[in-house]
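Line order of the protein sequences matches chains L and V.
Each residue of the first sequence is one higher than the one before, starting from 1 at the first, in our numbering.
Each residue of the second sequence is one higher than the one before, starting from 1001 at the first, in our numbering.
In case anyone wonders, no lab produced these hints; they're calculated from the structure.
Owing to the predicted nature of the structure, the values given are computational and were not obtained by experimental measurement.
Any given hint might turn out to be false.
To give an idea of the interface, some chain L residues facing chain V are shown, with a C-beta separation under 10 Å as derived from the structure [unchecked claim]:
1. 6
2. 13
3. 14
4. 15
5. 17
6. 18
7. 19
8. 20
9. 23
10. 27
11. 71
12. 73
13. 75
14. 86
15. 117
16. 119
The beta carbon of each residue, even a glycine, is placed where N, CA and C say it ideally should be.
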Amino acid sequence: MRAALIAALVLCLVVGLVIGNAVYVRGTVGDMRDMADSLPETPGAEAADAVSLLIDRLDREETLLGLSVCFTLIDRVRELAVSLRAYAQDGSDAAAYASAREMLRAAVDDLDRLEYVRLRNIM
Amino acid sequence: MVTILVRTLLIYLLLIFTMRFMGKRQLGELEVSELVTTLLLSEVASLPITNQDIPLAYALLPILTLMALEVLLSGLLPEVPWLKRLLSNRPTILIRHGKPDRNAMLKSRISAEELMSQLRLKDVTDPAAVEYAIAEPNGQLSVILRAPEQPATAREVGADPTETGIMHLIISDGRINQRSLSLAGRDMAWLEGVLASRSLRAEDVFMLLADDGGQVRVLPGSAS
Chain L
1 MRAALIAALV LCLVVGLVIG NAVYVRGTVG DMRDMADSLP ETPGAEAADA
51 VSLLIDRLDR EETLLGLSVC FTLIDRVREL AVSLRAYAQD GSDAAAYASA
101 REMLRAAVDD LDRLEYVRLR NIM
Chain V
1001 MVTILVRTLL IYLLLIFTMR FMGKRQLGEL EVSELVTTLL LSEVASLPIT
1051 NQDIPLAYAL LPILTLMALE VLLSGLLPEV PWLKRLLSNR PTILIRHGKP
1101 DRNAMLKSRI SAEELMSQLR LKDVTDPAAV EYAIAEPNGQ LSVILRAPEQ
1151 PATAREVGAD PTETGIMHLI ISDGRINQRS LSLAGRDMAW LEGVLASRSL
1201 RAEDVFMLLA DDGGQVRVLP GSAS
């Protein structure tokens, strides 16, 4: 009986941790999504600064995010952000900048994919 | 590489704790849910050891969840009969009064050859000698022999043997096991007396066994 009670407690703790983590990840990734969505349409110094802010945010949250998000996903976002910043600083290739920005947005979306209960995710 | 080592240690300790908490049932013959849990645990545990891109939580969470579910389920099954019927296999009588039940064997997908093999493993060569052979939920075959085939008991032959209980391992490799000592109903004074009568110290003893009937066996540590 005692073991069953402890097991029930552990289960509640696990569920609580999962919910808490989901709230945190969704919130953090939501902020980063907003930052990615508000990136300037054209390359330049302003765009480079905005991307740098996104990278800084990612660096700050990486430890906690890394507890439940695969390193490959986090690294992909960072690589795309660094690449986007390079395009922004260069400023000469607007098409490449736009393409990299879209890829970054898609990569940020992937960060919290597993925190939503969707049939697509489960399958 | 350091990360791999730390993850391995963490997961290993967690699995030990998990199996310990789930109890002896996991180590012995398994019911369906227990088999599923054990298989899943081993698969899940190896994931973050072999793939460093996977967060440790991807193993910790499932392990804790499986452990908690398994213990909860095993606690619920005796209280909820329909759940037990749903999740556990029922014992099936394969031989009744010396006659194999063909329908039961077909239902259990046990062939005649397999049945004979299982009987031989129980030192039975003739199904006619079996009163009941039951396929248990854990897959083992229980064999109850017909009365004339059963070994005679002490009572049946009129003997009155002394109850000896079990042999308790009091000293193992020179170390005294206090728990076994108290289970044997003895104390340190008794043990010191036994060792003194044989001119031995505890550290010199490989094995010291004592049963409930008072019999003592001592195996010294040195080869003599």
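Now the hints, each set against the structure:
Hint on residue 6 (chain L) holds. Least Cβ distance to chain V is approximately 8 Å, under the 10 Å limit. For residue 13 (chain L), the suggested interface contact is upheld, since its CB lies about 8 Å from the closest CB of chain V, less than 10 Å. Because the smallest distance between the Cβ of residue 14 (chain L) and any Cβ of chain V comes to about 5 Å, under 10 Å, the interface hint for this residue holds. For residue 15 (chain L), the interface hint holds, the least distance from its beta-carbon to any beta-carbon of chain V being 9 Å, beneath 10 Å.
Taking 10 Å as the C-beta cut-off, the interface hint given for residue 17 (chain L) holds, the closest approach to chain V being about 8 Å. The criterion of a C-beta within 10 Å of any C-beta in chain V is met by residue 18 (chain L), whose closest approach is roughly 7 Å, and the hint holds. Here the hint on residue 19 (chain L) is broken, as its CB sits about 12 Å from the closest CB of chain V, past 10 Å. Of the supplied interface hints, the one on residue 20 (chain L) is violated, with its beta-carbon coming no nearer than about 12 Å to a beta-carbon of chain V, more than 10 Å.
Because the smallest distance between the Cβ of residue 23 (chain L) and any Cβ of chain V comes to about 15 Å, over 10 Å, the interface hint for this residue is violated. The interface hint given for residue 27 (chain L) is violated, since its Cβ lies 18 Å from the closest Cβ of chain V, which is over the 10 Å cut-off. Annotation: interface hint on residue 71 (chain L) holds; nearest CB of chain V at approximately 5 Å, less than 10 Å. The closest approach between the C-beta of residue 73 (chain L) and any C-beta of chain V is roughly 9 Å, which is under the 10 Å cut-off, so the hint is satisfied.
Taking 10 Å as the C-beta cut-off, the interface hint given for residue 75 (chain L) holds, the closest approach to chain V being about 9 Å. The interface hint given for residue 86 (chain L) is broken, as the beta carbon of that residue sits about 25 Å from the closest beta carbon of chain V, more than 10 Å. Checking residue 117 (chain L) against chain V by beta carbon gives a least distance of about 15 Å; that is not within 10 Å, so the hint is violated. Restraint check, residue 119 (chain L) versus chain V: the minimum CB separation of about 20 Å is more than 10 Å; hint violated.
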